[in-house]
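On the provided structure of chain A, position chain B as indicated by the hints.
Protein chains: 2
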Amino acid sequence: MLNPADTAFLETLAAALPEGVISAAEPRYLAEPRGRVTGQAGGVARPRSAEDVSVILAACNAARVGVIPFGGGTGLVVAQVRPDGPPVLVLSLERMRAVRAVHPSENVMVVEAGATLAEVQAAAEEAGRLFPLSLASQGSAHIGGNLATNAGGVNVLRYGNTRDLCLGLEAVLPDGTIWHGLKRLRKDNTGYDLRNLLIGAEGTLGVITAASLKLSPIPAAIGTALMVVPSPAAALELLALAQSRLGGLVSAFELISGMGLSFLAETMPEQRQPFAQPPEWMVLIDVGLPDGLDPDAALAGLFEAAAEAGLVLDGVIAQSQAQRAEFWSVRENIPEGNRRIGSISSHDISLPLGEVAGFIAAGAPALATLGDFRINCFGHLGDGNLHYNVFPKAGETRADHENSREAIKTMVHDMVHARGGSVSAEHGIGRLKVEDLEKYGDPAKLAAMRAIKAALDPMGIMNPGAVLREAL
Amino acid sequence: MLNPADTAFLETLAAALPEGVISAAEPRYLAEPRGRVTGQAGGVARPRSAEDVSVILAACNAARVGVIPFGGGTGLVVAQVRPDGPPVLVLSLERMRAVRAVHPSENVMVVEAGATLAEVQAAAEEAGRLFPLSLASQGSAHIGGNLATNAGGVNVLRYGNTRDLCLGLEAVLPDGTIWHGLKRLRKDNTGYDLRNLLIGAEGTLGVITAASLKLSPIPAAIGTALMVVPSPAAALELLALAQSRLGGLVSAFELISGMGLSFLAETMPEQRQPFAQPPEWMVLIDVGLPDGLDPDAALAGLFEAAAEAGLVLDGVIAQSQAQRAEFWSVRENIPEGNRRIGSISSHDISLPLGEVAGFIAAGAPALATLGDFRINCFGHLGDGNLHYNVFPKAGETRADHENSREAIKTMVHDMVHARGGSVSAEHGIGRLKVEDLEKYGDPAKLAAMRAIKAALDPMGIMNPGAVLREAL
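These protein sequence lines map, in sequence, to chains A and B.
Residue numbers for the first sequence follow the UniProt record's numbering, beginning at 1 and rising by one.
Residue numbers for the second sequence follow the UniProt record's numbering, beginning at 1 and rising by one.
Rather than coming from a laboratory, the hints here were simulated on the basis of the structure.
The beta-carbon is built from N, C-alpha and C at its ideal position, and this holds for glycine as well.
Treat the hints with caution; some may be incorrect.
Said to hold, decoys possible - Below 27 Å or equal to it, Euclidean Cα-Cα: the simulated BS3-like pairs (lysine-lysine) are: (1) Lys439(B) / Lys439(A); (2) Lys214(B) / Lys214(A); (3) Lys183(B) / Lys214(B); (4) Lys183(A) / Lys214(B); (5) Lys183(A) / Lys439(B); (6) Lys183(A) / Lys409(B); (7) Lys409(A) / Lys393(A); (8) Lys439(A) / Lys409(A); (9) Lys409(B) / Lys439(B); (10) Lys214(A) / Lys183(A); (11) Lys409(A) / Lys183(B); (12) Lys393(B) / Lys409(B); (13) Lys214(A) / Lys183(B).
To be verified - Just a few of them, taken from the derived set where beta-carbon distance is under 10 Å, the chain A residues facing chain B: (14) Val172; (15) Gly181; (16) Leu185; (17) Asn196; (18) Ala220; (19) Gln243; (20) Gly354; (21) Gly420.
What the hints assert, rightly or not - Okay, the calculated bits of chain B under chain A, using three or more residues with CB under 8 Å as the criterion: (22) 106-118; (23) 161-169; (24) 175-189.
Chain A extracted, bound-state conformation:
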């Protein structure tokens, strides 16, 4: 059982640290974006260095006080707040936001965990390079949180998840020891992959304080198109065609549903829509090409070949930067449209690409057995990652269906699991999906996870109750 971060503990800790590191936890450290849970904490620590973090974790470990690492607070699975149990210490990385170094000729940069993703992108761009991770909350999400949750986003198809963009870490382990692992190497086979173990562990195995990140060349030219497809199956064939014609240069391939467009028309009429008649399905395609390839010609050629094969019905290629931005704003406003309608249950799922179309076809009739719902299925189709959100029919509200939420979630997750999919593609487990992980996770993997947690954090202080149920 953990001990509370009480006044006596916090006063002793504050005395061991530079002025101003420890303070009371303002409400912003106790909230999460969906407003489902309010956290409680004895205080907040805002360290300025890995050494500060080391002092904090060593003290918490000795006193058996829980610690919640806190980044931008944008996570969607309640990993960043703890609603119950003895009050914890929130450990915010907000003061550790330096870009420590940029090495353009190596395509590497070293940044501290508290830098926002947008700041990291900007620092890369300033050096003439691309840091390709891109997601809706990039203005406030910290790169440390992106790493801790192995964030995904819209460019995974070409550039990978956050773990694929990280070469090395500086991190503080639960006993307060600092791992100096900020290597800038593309190849390094010296022992177990502690880097990838900490990435995606959601702060349950230690605190990431800095990272060395892979940069990429900025593509010479970028092209964007919207293409109307007759079905998700056709969209997947279009993806394969695009990949084989463009050799891995497709950076985004996003599915947009007619339902999502109608939600936009209803809730955000100011959003200009690309087609007069909202299609049932369309895809947003981004390509980033090297010198010598013209994006217009490449996308027009793709459209022509796809039309011949019956894979596309209509399409439009952005003719300017402004039009690119307009196309992307359709995609980016869909979550806000969803929010205004109010979903009963939202799912961040992934499937083998070969199972996607079958799942979408089977999903609606299955859910119809539970009630009369509207489904907005959209997202990162190129990665097999769908945001599959279920809404009340027009005229009803989510409050009318509170009782259905659990049954809907279970049905969707059961179907996804049966098809070899994942019930958390890019958002993680947090506290929201601990039961899902227990239900759908492989028992051997779960046992190994528990053994690793007990080995690296024997006092159980790190983000207690996230990912794994607390050992009491």
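Coordinates of chain B only, in the frame set by chain A:
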């Protein structure tokens, strides 16, 4: 302390398994390619399924008998044989070599661990796809061994190391439980990254029995060039130029030294050399391009721009498949040339790209303080991965310098470490580099590795003495 795999143990185990799984260990299971170490073993197990492997590990765990997973036996750091201690059981995956499934539309295949890398490549090609991992021993190395050692090779620059090509694993953990983790997903954030923990663990945390692997589209056209560069520094500038012009489509960028060419001329005069006057430094460049880009034009354009910037002195672009193969045979025969000369000490190192030229410049004068040596520095420059091999001067043999080996190795590794590099870039630790890992590894990471090993393999049966010193 481990118990021996003695006759009584092996008879009991054999009775619990299908006919013919357990037998005596032939000499081929006790040898490693450099001939430095001979292993000893009580017997060999050749399972046909993950279930067989489960029975074997559970029995070894219960009896505290050591197990050495054995793939193609091509590893260079003595992970595959154990010269001393109580005789172990060798566990060969050679009978588990099926390609379980190929999903071309998903760019995924599922293979068993005992398939050779060449078989995996061939199965991908048959499905019209590319499995890009490529290395000298691919005809005999098993994909399971590639995974266990996170093998590198010549295409890492574009496609990553083996870990970057793996989506999921089936593995047997030390207590005999089977992890069914053959996911075919690009995004799956459900818990700790057990996949990457087993990848690169060199069989010390469990046995990989199958894997789902990422495939890529086959590039529409491939181009190959040899370019003579004035210096390693110029080669690195040429790399940056190529990357920015070709947007990540450079698949190999290999450094070849004049010393390597002169070794070839001396020991393999039948190998045709590309330039009449062997240059001091040259690079071999492979590009894989999509439809619409001509490799000849792309490489000629690169050469022209590089020549203008003073980065290249001469160059030749392959005009046929046969000429491509000839260029590559120069690169691929360099290790054989080295073997015939006989190195005193060989090093598989990596450096931040920005440190490579400085290291090469400093290496020769530093080693000259130890004696009169010849250095062949070559390899995967695009990854910062050099094979830095030290030879006796002409007329002497390695036997004349046995006493210098330790001093040479220490000097090279100290220099690499001081520059933020790795003393094992792609070969791993095995038993050969355990002391190097202890000397150069980060103490916090080493402590975490020991804790993980103790947690997942508390009896210490898995590949005892590899990577980590045995806890006695």
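Hints and how they fare:
At most 27 Å may separate the alpha-carbon atoms for a hinted pair to count; Lys439(B) and Lys439(A) exceed this at roughly 43 Å. Taking the CA atoms of Lys214(B) and Lys214(A), the gap is near 20 Å; set against the 27 Å cutoff, the hint holds. A hinted pair counts as satisfied when its Cα atoms are at most 27 Å apart, and Lys183(B) with Lys214(B) qualifies at roughly 11 Å. Restraint check: the Cα-Cα separation between Lys183(A) and Lys214(B) comes to about 26 Å, which is no more than 27 Å; the hinted pair holds.
Taking the CA atoms of Lys183(A) and Lys439(B), the gap is about 17 Å. The hint holds against a cut of 27 Å. With a C-alpha separation of about 21 Å, the suggested pair Lys183(A) and Lys409(B) falls inside the 27 Å cut-off, and the hint holds. Straight-line distance between C-alpha atoms of Lys409(A) and Lys393(A) comes to about 17 Å, which keeps the hinted pair within the 27 Å bound. The hinted pair formed by Lys439(A) and Lys409(A) meets the criterion: a straight-line CA distance of about 13 Å does not exceed 27 Å.
At roughly 13 Å between alpha-carbon atoms, Lys409(B) and Lys439(B) fall within 27 Å of each other, so this suggested pair holds. Distance check on the hinted pair: Lys214(A) and Lys183(A) sit about 11 Å apart at the alpha-carbon level, within 27 Å; holds. Restraint check for Lys409(A) and Lys183(B): the C-alpha separation of about 21 Å stays at or below 27 Å, so the hint holds. Proximity of Lys393(B) to Lys409(B) is assessed by CA-CA distance (about 17 Å); at most 27 Å being required, the pair is judged to hold.
For the hint linking Lys214(A) to Lys183(B), the alpha-carbon distance of about 26 Å falls within 27 Å, and the restraint holds. Because the closest C-beta pair between Val172(A) and chain B is about 9 Å apart, less than 10 Å, the hint holds. Here the hint on Gly181(A) is kept, as its CB sits about 6 Å from the closest CB of chain B, short of 10 Å. With a cut of 10 Å, the hint placing Leu185(A) at the interface with chain B holds, because the nearest CB-to-CB distance is about 5 Å.
The criterion of a C-beta within 10 Å of any C-beta in chain B is met by Asn196(A), whose closest approach is roughly 4 Å, and the hint holds. Evaluation of the Ala220(A) hint against chain B yields a held restraint, the C-beta minimum of about 7 Å falling below 10 Å. With a least beta-carbon distance of about 5 Å to chain B, the hint placing Gln243(A) at the interface is held under the 10 Å criterion. The interface hint given for Gly354(A) holds, since its Cβ lies 5 Å from the closest Cβ of chain B, which is under the 10 Å cut-off.
A hinted interface residue such as Gly420(A) counts as satisfied when its beta carbon comes closer than 10 Å to some beta carbon of chain B; here the least separation is about 6 Å, so the hint holds. Restraint check on the region 106-118 of chain B versus chain A: 3 residues with Cβ-Cβ distances below 8 Å, three needed, restraint holds. Check result for the region 161-169 of chain B against chain A: holds, 3 residues qualifying (beta carbon to beta carbon below 8 Å, three or more required). Residue count for the region 175-189 of chain B with a Cβ under 8 Å from a Cβ of chain A: 12. That meets the three needed, and the coverage hint holds.
The structure shown violates just one earlier hint, number 1.
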